[in-house]
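Student: The primary structure of each chain is shown beneath.
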Amino acid sequence: MNESDEKSVKIALIDDNEDYLFTMGTFLTRNGFIAVTANDGVKGLELIQRERPDLILLDVMMESSYAGFELWKALQADQALKEIPVIGISAMQNELGVRPERYSDQDYFHPAAFLDKPVDHELLLETIATVLKAAEECKNRPGWKRFMETYRNNSLKNPGGV
Amino acid sequence: MTASTPQPLMDLSFKMVIDLLPIYVTIQDRDLRYMFANQTFRNDFGDVVGQHCYVVAKGSQERCQHCPVQKTLADKKVHTGEETIRLPGGNLQQVVLYTTPILDVMGNVTAVIELATNIQIIKEMYKELIFLGQSMALLSHDIKNILEGLQGGVYVVDEALADKDMKLAAKGWQIIKKNIAEITRVTQNILYSSKNRQPRLQKSSPVKLAREAVDLFQAKAGSLGIQLISSLNPELPGVAVDAASISRLLNNLIWNALEACCKDSIKHRHAVVVRADFYDTRHFMFEVEDDADGMDARILENLFNPFFSTKGAAGTGLGLVVADRIVSSHGGKIEILTKTGKGSLFRTIFSLSTNIDAPLHELETRDTFNPQKGEAHE
Chain A
28 MNESDEKSVK IALIDDNEDY LFTMGTFLTR NGFIAVTAND GVKGLELIQR ERPDLILLDV
88 MMESSYAGFE LWKALQADQA LKEIPVIGIS AMQNELGVRP ERYSDQDYFH PAAFLDKPVD
148 HELLLETIAT VLKAAEECKN RPGWKRFMET YRNNSLKNPG GV
Chain B
23 MTASTPQPLM DLSFKMVIDL LPIYVTIQDR DLRYMFANQT FRNDFGDVVG QHCYVVAKGS
83 QERCQHCPVQ KTLADKKVHT GEETIRLPGG NLQQVVLYTT PILDVMGNVT AVIELATNIQ
143 IIKEMYKELI FLGQSMALLS HDIKNILEGL QGGVYVVDEA LADKDMKLAA KGWQIIKKNI
203 AEITRVTQNI LYSSKNRQPR LQKSSPVKLA REAVDLFQAK AGSLGIQLIS SLNPELPGVA
263 VDAASISRLL NNLIWNALEA CCKDSIKHRH AVVVRADFYD TRHFMFEVED DADGMDARIL
323 ENLFNPFFST KGAAGTGLGL VVADRIVSSH GGKIEILTKT GKGSLFRTIF SLSTNIDAPL
383 HELETRDTFN PQKGEAHE
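Protein sequence lines, in the order shown, are assigned to chains A and B.
The first sequence lines up with residues 28 to 189 when you count with our numbering.
The second sequence lines up with residues 23 to 400 when you count with our numbering.
Calculated directly from the structure, the hints in this document are not laboratory data.
A quick note: this is a predicted structure, and the numbers were derived from the prediction, not measured.
Ideal placement from N, C-alpha and C gives every residue a C-beta, glycine not left out.
Each hint should be verified, as a subset may be incorrect.
To be verified - Per the computed footprint, the stretches of chain A lying under chain B, defined by three or more beta-carbons under 8 Å from a beta-carbon of chain B, are: (1) 40-47; (2) 52-59; (3) 141-154.
Please construct the entire structure, taking both the sequences and the accompanying hints into account.
Tutor: The following block contains the structure:
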């Protein structure tokens, strides 16, 4: 993806840590993305509906009224929003033992990729590029969902990918 | 059998052996009244023959549910169970019970023999293990969040320095400082929780300790837009406490209250009130009250595991576990009042004793404490 493509990519950051929104927002902006932020799930859903981002970076362990998992469910219930790829972010991935590949239930959180905090900036850029590329290539194709499944399963087998 | 043959063991009276056993051996009739209690039981509970078991061992006026004695009475089988019993001094002890029936010639149960072994030490170890497991998971989560904050702050400062943007650098530096303060707090809590230190009692002023804690957090509260108010009764006398521990307790409770306010996404203006006052004629209390969104039953249930069940507790912050430990080590009591959407109040109650050499006893009211019931909010 070249610089001019990245310029137009809008990423929604949903996290209850304001400092993280600021630092990650700065990082994304300085890497050519447009960052839009919300500090809880309710505002996050409004933001996504309003801004229609190309990608969502979602903290799944927000402690406010509307947790990341709930936001995920709301996105899945919306035909238009469910197509937006999500990268899950958490500081509890290892502790929770989140294993999205084990579940086929659509309600269950299964993002395109899952990154643990502290987020490795290089890995994040790589993951964003790969997820966006997959989403772009498969846009409006019947096999899109399957492609995303495959991408996710492949990235789960790659220790650096999750 | 000759005179030189050692006396067979069987010649010892059975009653003597049973009396000497280091476990409680009792026999209860169909009405759950004690018919017999061995010496070990009598040493702790006195002469109990004729009294109901639930009155003696539980301090209750009602029969217990899921009692193995009642099960044995019903089905004539051996049953086991775990119970919390209350010693006459008020101390709670966990015991494991075995019950077996005594049958009459018709095969009906006339009485039940109950053996009770104290497993308090095992329970203490079990609690320590749960505590350790929880601590590790939470620590890992906290530290990863702090690392994210430090990494993000450093990134922002680096970028700002490259651009000579001092305003941005100041913002990044602020984030770094906040996370350094956070890791300092986490580390102090780890150090505190890693050993069971006995409180070092010294005469201290509760008002002074509370004021110092409030002063320490005034800047943080201000930066978060939270009003931190103190209401300290100047009449409170000096008391015998471990000042360093009480400071840590207050710091942890105030920190939690501020955090709760930050996480409340409904209300935008918050206040935290810190009080130090008399509780009654023999006790004083600290209260830390927030007007955040309160705690639901699940959170409340998991705040402290008061030992009554074997349910694993999850979701306890290290700060509160340390707070609980400090209160217990002072023989104090902690009460939580919370209402969803309204806020929470943490009240810690301590003796007004000034004797720094006196052993610390648990508050007499401690066994009536059950945080799960703390639903009312003042």
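Student: Which of the listed hints are broken here?
Tutor: none
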